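Going by the working numbering, the first residue of the sequence shown is number 1, and it counts up by one from there.
No wet-lab data here; the hints were simulated from the structure.
It should be emphasised that the depicted structure is a prediction, and the values quoted were computed from it without experimental measurement.
We put the CB at the ideal spot given by N, CA and C, even for glycine.
Be aware that one or more of the hints could be misleading.
[Unchecked claim] Below, in silico cross-link-like pairs of lysine to aspartate or glutamate (EDC-like), each with a Cα-Cα straight-line distance of 20 Å or less:
1. Lys67 <-> Glu114
2. Lys67 <-> Asp14
3. Lys67 <-> Glu22
[Stated by the list, open to error] Okay, the calculated beta carbon distance ranges per label pair:
4. Pro18 <-> Pro41: 29 to 35 Å
5. Leu34 <-> Val152: 21 to 27 Å
6. Thr221 <-> Trp139: 14 to 20 Å
7. Ala245 <-> Ala28: 20 to 26 Å
8. Pro138 <-> Ala45: 17 to 23 Å
9. Ile4 <-> Thr165: 38 to 44 Å
10. Tyr68 <-> Ala8: 15 to 21 Å
11. Gly247 <-> Arg214: 21 to 27 Å
12. Asp84 <-> Glu207: 19 to 25 Å
13. Arg6 <-> Arg157: 44 to 50 Å
14. Gly225 <-> Val191: 28 to 34 Å
15. Pro18 <-> Glu207: 16 to 22 Å
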Amino acid sequence: RENIPRSARFVEGDIRSPGSVERAVAGAEAIIHLAAFTSVPDSFASPRQCMTINVEGTIRILEAAVKYGVRKIVFASTSAVYPDDAPVPTDESIHPDPGSPYGLSKLVGERCLEWFHRRHGLCYTAFRYFNVYGPRQPWDGPDSGVISAFIVRALRRESLMIHGTGEQTRDFVFVEDVVAANLAALERHEVVGIFNVGAAGQTSVEEIAAQVLRLTGSPSTITFGPLPLGDTEVSEACIDRISGALGW
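All chains should be built: construct the whole structure from the sequences, respecting the hints.
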């Protein structure tokens, strides 16, 4: 809560609750929908909870958006909608085939957006985020990021745990660039569709660990563990579509 600007109106509630959602949406010109069950591994253990939050919650928000005449909704989707063996770099024409309940829930959210656009004329932009990182990202727990976790552990002189061989690659995109994409979507409210948001490059997890150790001067060691369920080996976004439509 300490990160919420004082000028913001803060409404605490559950996105599955119509009352909470309507209190937040009433009077809004646009919505950036980021609320979600976000852990891929946890979605295997709790698929029902993942689905109710990410699907039912999204429908509640879309219903409120129509009711209150919201002009535009920007939806946080995910690269996890793509199949594990998707060609790299991956573009939006690749047929979705999620390998996790989390990815499936976000794909259903995209389909809900499309239906509300056809039925009610609600303008939307869905962003398939790749691996977002940056300041204030949690370093421990289900929502932690590998970069933030490595930095904190290196500064504490604790070992850096790599899940898998470390050769798996990720498309790491900085949070300020993600913010810029969201602002572009709000400014171009007439642009409707689904877009990748990534850095259009690959970095291996082992390379990230090595960079963190160099930059911090930490004596920490690197250890290896099993690859979590739902993780992919290679990831890289094609961003031609968003570059052409939003100039991002």
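Hint check:
1. Lys67 <-> Glu114: Status holds; Cα separation ~17 Å.
2. Lys67 <-> Asp14: Satisfied, since the Cα-Cα distance of roughly 18 Å is no more than 20 Å.
3. Lys67 <-> Glu22: Holds, because 9 Å separates the two Cα atoms, which is no more than 20 Å.
4. Pro18 <-> Pro41: 29 to 35 Å: With Cβ atoms ~30 Å apart, the hint holds.
5. Leu34 <-> Val152: 21 to 27 Å: For Val152 against Leu34, whose Cβ atoms are near 23 Å apart, the range 21 to 27 Å holds.
6. Thr221 <-> Trp139: 14 to 20 Å: holds, 18 Å
7. Ala245 <-> Ala28: 20 to 26 Å: holds, 23 Å
8. Pro138 <-> Ala45: 17 to 23 Å: Since Pro138 and Ala45 have Cβ atoms about 19 Å apart, the given range 17 to 23 Å holds.
9. Ile4 <-> Thr165: 38 to 44 Å: Because 40 Å falls inside the window, the suggested range holds.
10. Tyr68 <-> Ala8: 15 to 21 Å: holds, 18 Å
11. Gly247 <-> Arg214: 21 to 27 Å: violated, 35 Å
12. Asp84 <-> Glu207: 19 to 25 Å: holds, 21 Å
13. Arg6 <-> Arg157: 44 to 50 Å: violated, 37 Å
14. Gly225 <-> Val191: 28 to 34 Å: Roughly 42 Å apart at Cβ, these two residues miss the hinted range, so it is violated.
15. Pro18 <-> Glu207: 16 to 22 Å: violated, 46 Å
Of the numbered hints stated above, those contradicted by the structure are hints 11, 13, 14, 15, listed in ascending order.
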